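Enquirer: Sequence:
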Amino acid sequence: MNSKEVVLAFWDAMNTNDFAKASEWLSPDFEGFWPQSGELIIGRDNFAALNSYYPANGVWEFEIHSVVCDGTTVVTDVSITDSVQKARAITFHTVENGLISKQKEFWPDPMEPQEWRSKWVKVVQE
1 MNSKEVVLAF WDAMNTNDFA KASEWLSPDF EGFWPQSGEL IIGRDNFAAL NSYYPANGVW
61 EFEIHSVVCD GTTVVTDVSI TDSVQKARAI TFHTVENGLI SKQKEFWPDP MEPQEWRSKW
121 VKVVQE
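No gaps in the numbering here: position 116 of the sequence shown is 116 in UniProt numbering, and each next residue is one more.
The hints are simulated quantities; they were obtained by calculation from the structure and are not laboratory data.
Wrong hints could be hidden among the right ones.
DSS-like, lysine-lysine: derived pairs with alpha carbons at most 27 Å apart [claimed, not checked]:
| id | residue 1 | residue 2 |
| --- | --- | --- |
| 1 | Lys104 | Lys4 |
| 2 | Lys86 | Lys104 |
| 3 | Lys102 | Lys4 |
| 4 | Lys21 | Lys86 |
Since the model is a prediction, treat every value here as computed from it, not as a measurement.
With the hints as constraints, model all of the structure from the sequences given.
Expert: Laid out in structure tokens, this is it:
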């Protein structure tokens with residue numbers, strides 16, 4: 001499998017909500033970093049546990065909007081929801097030896113459109 005296929009298989013596994021299964025696409029020494037909070041997830045077991053215990057209102061759904069691949073680096077733009085919570089993550093994946101060894105994931109907060117920009121923009125909902 002190439003790097004893009006590995007990352008797509010990871011997101012497919014995430015959609016099953018079986019996070020132990022999804023973690024099989026991560027290297028044993030996986031590092032996942034969330035820059036906004038400064039948190040570093042070390043190891044596939046911690047990744048699976050964190051996602052399994054995350055407080056959810058229902059089944060998690062993941063929708064891929066775009067994928068960009070350059071060698072071992074794959075960037076995804078994904079919407080995530082449990083039917084109540086909604087977020088969008090931009091994730092930089094590093095793939096080595098058929099597994100994801102690193103992820104740097106940005107969780108941008110939604111914001112209201114600013115009135116002062118209204119004459120130059122169109123507000124759309126995705």
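Enquirer: Decide, hint by hint, whether the structure agrees.
Expert: So, going through the hints one by one against the coordinates:
1. Lys104 - Lys4: Holds. Lys104 to Lys4 sits at ~16 Å (cutoff 27 Å).
2. Lys86 - Lys104: holds, 19 Å
3. Lys102 - Lys4: This hinted pair holds, its Cα atoms lying about 14 Å apart.
4. Lys21 - Lys86: Judged against 27 Å, a Cα distance of about 23 Å means the pair holds.
Violation of the numbered hints given earlier is absent; every hint is satisfied by the structure.
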